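Asks: Sequence:
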Amino acid sequence: MNTDLLFENLTNPALLFFILGILAVRVKSDLEIPKSSSQFIALYLLFSIGFKGGQELAHSEFSLDIVSAFIIGVTSAIVIPIITYFIMRLQLSVENAGAVAAAYGSVSAVTFVTAVSFLEMQSIAFSGHMVAVMAFMEAPAIIVGVILIRRFSTSGGPKKLSPIIHHSITNGSVFLILGSLVIGWSASDAQAAGIEPFTTDIFKGFLAVFLLDMGITSGRKLGDFLKSGKFTTAFAILFPIFNGCVVSLLSAGFIAETGDRFMLAVLAASASYIAVPAAMKIAAPKANPGIFLPMALAVTFPVNITIGLPVYLWMVSL
Numbered sequence: 002m003n004t005d006l007l008f009e010n011l012t013n014p015a016l017l018f019f020i021l022g023i024l025a026v027r028v029k030s031d032l033e034i035p036k037s038s039s040q041f042i043a044l045y046l047l048f049s050i051g052f053k054g055g056q057e058l059a060h061s062e063f064s065l066d067i068v069s070a071f072i073i074g075v076t077s078a079i080v081i082p083i084i085t086y087f088i089m090r091l092q093l094s095v096e097n098a099g100a101v102a103a104a105y106g107s108v109s110a111v112t113f114v115t116a117v118s119f120l121e122m123q124s125i126a127f128s129g130h131m132v133a134v135m136a137f138m139e140a141p142a143i144i145v146g147v148i149l150i151r152r153f154s155t156s157g158g159p160k161k162l163s164p165i166i167h168h169s170i171t172n173g174s175v176f177l178i179l180g181s182l183v184i185g186w187s188a189s190d191a192q193a194a195g196i197e198p199f200t201t202d203i204f205k206g207f208l209a210v211f212l213l214d215m216g217i218t219s220g221r222k223l224g225d226f227l228k229s230g231k232f233t234t235a236f237a238i239l240f241p242i243f244n245g246c247v248v249s250l251l252s253a254g255f256i257a258e259t260g261d262r263f264m265l266a267v268l269a270a271s272a273s274y275i276a277v278p279a280a281m282k283i284a285a286p287k288a289n290p291g292i293f294l295p296m297a298l299a300v301t302f303p304v305n306i307t308i309g310l311p312v313y314l315w316m317v318s319l
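Count along the sequence shown starting at 1, add 1, and that's the number in the working numbering.
Bear in mind the hints are in silico, worked out from the structure with no lab data behind them.
Keep in mind that this is a model prediction, so the values were computed, not measured.
Just so you know, even glycine gets a beta-carbon here, dropped at the ideal spot from N, CA and C.
Any given hint could turn out to be false.
Stated by the list, open to error - Each computed DSS-like pair below joins lysine-lysine, with the alpha-carbon atoms no more than 27 Å apart:
hint, residue 1, residue 2
1, Lys231, Lys36
2, Lys205, Lys282
3, Lys222, Lys36
4, Lys287, Lys29
5, Lys222, Lys287
6, Lys231, Lys282
7, Lys282, Lys29
8, Lys205, Lys222
9, Lys36, Lys205
10, Lys287, Lys205
What the hints assert, rightly or not - Cβ pair distances, simulated, as ranges:
hint, residue 1, residue 2, range
11, Glu62, Glu33, 40 to 50 Å
12, Thr12, Ala194, 24 to 34 Å
13, His167, Phe87, 46 to 56 Å
14, Arg27, Val183, 41 to 51 Å
15, Lys231, Ala257, 17 to 27 Å
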């Protein structure tokens, strides 16, 4: 792997702000991003990436690459939680294993957004339909996790899947990014140009501030989680990178664009820490968020944006 690429990623200002957030917690600084501001920035990032993806999709011709990307994405969102569940059952209860499975089969929109910025640094384009692929990968993983809990739980698990399916589709992050995608797709070039300063010019600045906030949140959860055991920590580090590398290789025979293969690898490697915790409150109230949430946010997320991104780009460039 190109060490220059790894070094360039490690010196990315957005990533350094994430590290600054962790450092702020470790030195007991009172640095804090107001919750309302953090929520607004998260909504802005989802809106921006969805709108721009819709614009690119409007200029894309329907092709086998699009079909292949959806098939690979949704298949990974089904297969990964199944594998995750049975690995986690070696150490965890049915409910906790199912929650971890849903988290690792689902996707992280923030990781996706960070990957977009990373590709821009490398001057590599990706197709707009990858935004839709990301949105469509969210619900299947959550549903599979719930089914596994219902299948193996002695208490029978949740009685109905319909509320979980509804919540997965109408979850704020999924709903906003799909809605923005449709709006971006329907807008003309002239209309899109009118809001381009908002959707494009300030994107990286907002991303840096948001990652600072994510660093503060991760720093608070990391210490307690690392004390919980080597098994879950090792899984949170190694399994996502394995998934990303496998998808990088498998996609070579179906998708031509390097940027699209890279984004698929990132999606397969990421873990949800927004939609899944909300869904698990309904689906698996016995699942401990102190296990699956820090795994996804405090371990897998930083590993992906520091080491994972250059590794996946190297894999798809072979």
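Asks: Check the structure against each numbered hint from earlier and tell me which ones fail, lowest number first.
Replies: 1, 2, 4, 7, 10, 13, 15
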